[in-house]
Amino acid sequence: MNSLISLAVYAVNIVFAPLLLIGAIRKMKAILQGRQGPPLWQSFLDITKLLHKGETVSATAYWSFNAAPVINISVLTAVALMTPWLGIRSPIAGDLFLFGYLLVLAKFATSLSALDSGSSFGAIGASRETAISLFSETAMIAALAAIALHSHSSSFSVMFASGHRSLYAAALSGLVATALWMASMADLSRMPFDDPTTHLELTMIHEAQVLENSGRNLAIVEFATALRTVVLIGITARVILLMLPPLSHIVQYLVTIVLLALGAATIAVCETTLVRLRWRRLPNLLSFAVSAAMVACLVAALRG
Amino acid sequence: MAISCLALIGTLVTSCFIRTIGIAFQGRPRSAAAEKAHEVASGMRASQIILSCACVGLGLCAPWMLRLESFVIGQHFASGPPLSSAWTLPLGSAIFTVLVVAAAVTGWLINERSFDPARVYITWDCGFGDVGPRVQATSISFAQPVVRMFGTLFNYAHTLRLEGLDSRLFPDEVLSETTVDHPLEHHVYGPAVKWFDQLSHTIMEMQQGSIHIYLLTMLVTLALLLVIGGYLQ
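Protein chains in written order, with numbering that gives the first Met the number 0: chain A, 0 to 303; chain B, 0 to 232.
Hints in this document: simulated from the structure, not taken from any laboratory.
We put the beta carbon where it would ideally sit given N, CA and C, even for glycine.
Errors might be hidden in some of the hints.
[Unchecked claim] Covered by chain B, according to a simulated footprint, are these stretches of chain A (three or more residues, beta-carbon under 8 Å):
no. : segment
1   : 7-17
2   : 47-55
3   : 82-89
4   : 137-143
5   : 176-182
6   : 218-231
Kindly generate the complete structure, drawing on both the sequences and the hints.
Below is the structure:
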């Protein structure tokens with residue numbers, strides 16, 4: 000596919016898909032709970048409202064507090080442009096290790112900004128998020144490493160080059176997708192790892208870190224979180240696509256969109272039917288993700 | 000397995016740096032001495048900035064640095080693939096994207112803030128008002144979730160004591176205490192430091208004590224060097 004067309008498709012989707020996905024999750028949750036719910040485009044209205052609202056910054060905060068949202072959005076845009084989360088080849092070259100480093104860099108900036116305001120809630124959030132990252136990042140990188148082992152390259156363009164219709168490919172993709180999904184839900188602070196809609200500061204993880212943000216800063220943070228969500232669900236969808244035989248670009252794109260909608264539906268069902276796990280139980284659940292990723296690596300290594 | 004270890008080490012390093020930078024430099028001063036801290040002279044700052052830029056530059060420009068080294072190494076070791084081929088990360092386009100988006104968003108924010116500046120207020124404290132710097136996290140409390148996760152390694156123990164008539168719901172006094180044992184520090188680093196300390200004391204005594212012992216040491220060392228030299232030849 001032409002690079003310019005790919006860039007255009009990715010640029011349009013980076014602007015619209017993240018907020019539409021968040022809107023879809025909210026709508027499906029509302030329907031499952033017997034409510035009418037907000038419209039699909041409610042997230043766009045929320046972001047527009049935040050952009051026009053006044054901004055309040057803590058007197059304790061230094062320049063790093065204001066730098067964090069900028070680092071977040073710029074790093075995640077680079078990640079979104081290098082990762083084939085739309086099912087088609089990404090416009091810029093991506094690599095498994097660069098993907099991991101950039102995701103960690105965004106988290107690093109967010110955690111530092113949480114500590115910058117001197118808030119005890121921000122520190123609790125940063126501390127918990129860092130602890131969860133030990134498992135979620137490990138599971139995510141190990142899961143993608145299984146595909147890298149299978150394709151003998153850490154470059155995304157080689158890793159996700161084409162599908163293979165075999166029992167082995169299906170088993171490998173299944174294991175990787177399971178590990179990636181669990182790690183992504185932990186990374187995104189979604190149920191059952193965290194409740195993104197909680198209003199109780201002491202139980203928050205990700206939300207506690209961004210508690211001090213308001214107005215324009217909060218709008219950027221919300222958009223960056225939505226972008227991270229759509230990229231991580233998209234990459235899981237791309238792994239599932241590896242089970243299918245090679246498809247045309249348009250079909251791959253359409254199947255990925257369907258899988259993204261299915262991902263949103265799964266999140267909505269989980270957030271309606273599951274309760275948030277106790278903090279101490281999270282490592283037990285995350286160890287399943289790490290184990291699935293390790294087994295996938297083992298399978299890929301044994302197969303050669 | 001190696002990649003999983005690399006990812007785990009990477010995230011552990013990140014959490015370590017978040018803790019170090021976050022507790023040392025972020026938030027409000029945690030002691031009276033820290034409150035009186037002031038910026039150092041521009042010369043000292045400049046040297047730190049140059050070193051930081053060199054670190055970032057070497058990291059981000061690694062492919063070009065490797066190419067430069069390949070040129071030097073290639074003159075002595077002609078065989079084998081070039082050193083620059085070891086670098087596979089496609090950094091150029093990623094750095095370009097990050098810089099372009101960061102510049103655009105920063106420019107827009109500066110422009111917006113010039114019309115509507117941010118209001119400066121106290122940190123959110125759940126309605127209790129400004130409760131001071133004591134509520135901030137310490138390095139121990141920041142690391143607590145990670146230490147708890149790896150509690151078996153650290154012999155983590157937590158004691159909670161609630162005192163009072165209705166101690167469960169409305170305790171008069173709450174005592175929460177955690178104890179951690181660092182096995183590496185106690186069984187490896189600690190004994191190693193102690194051993195080197197004793198050795199250095201012995202050497203100091205030999206050098207500063209009796210002249211006879213000092214001369215004997217010199218003779219033994221010389222003899223030992225001659226034996227090693229003879230053996231190597």
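To see whether the hints hold, each was checked on the structure:
1. Three residues within the 8 Å Cβ limit are the bar, and the segment 7-17 of chain A against chain B gives 0, so the coverage statement is violated.
2. Under a criterion of three residues with beta carbons nearer than 8 Å to beta carbons of chain B, the stated coverage of the segment 47-55 of chain A is upheld, 3 such residues being counted.
3. With 0 residues having a beta carbon nearer than 8 Å to a beta carbon of chain B, the segment 82-89 of chain A misses the requirement of three or more and the stated coverage is violated.
4. A count of 4 residues in the segment 137-143 of chain A with a Cβ less than 8 Å from any Cβ of chain B is obtained; the coverage claim is therefore met, three being the minimum.
5. Under a criterion of three residues with beta carbons nearer than 8 Å to beta carbons of chain B, the stated coverage of the segment 176-182 of chain A fails, only 0 such residues being counted.
6. Closer than 8 Å: that is the beta-carbon criterion, and the segment 218-231 of chain A has 1 residues meeting it against chain B, so the requirement of 3 is violated.
Of the numbered hints stated above, those contradicted by the structure are hints 1, 3, 5 and 6, listed in ascending order.
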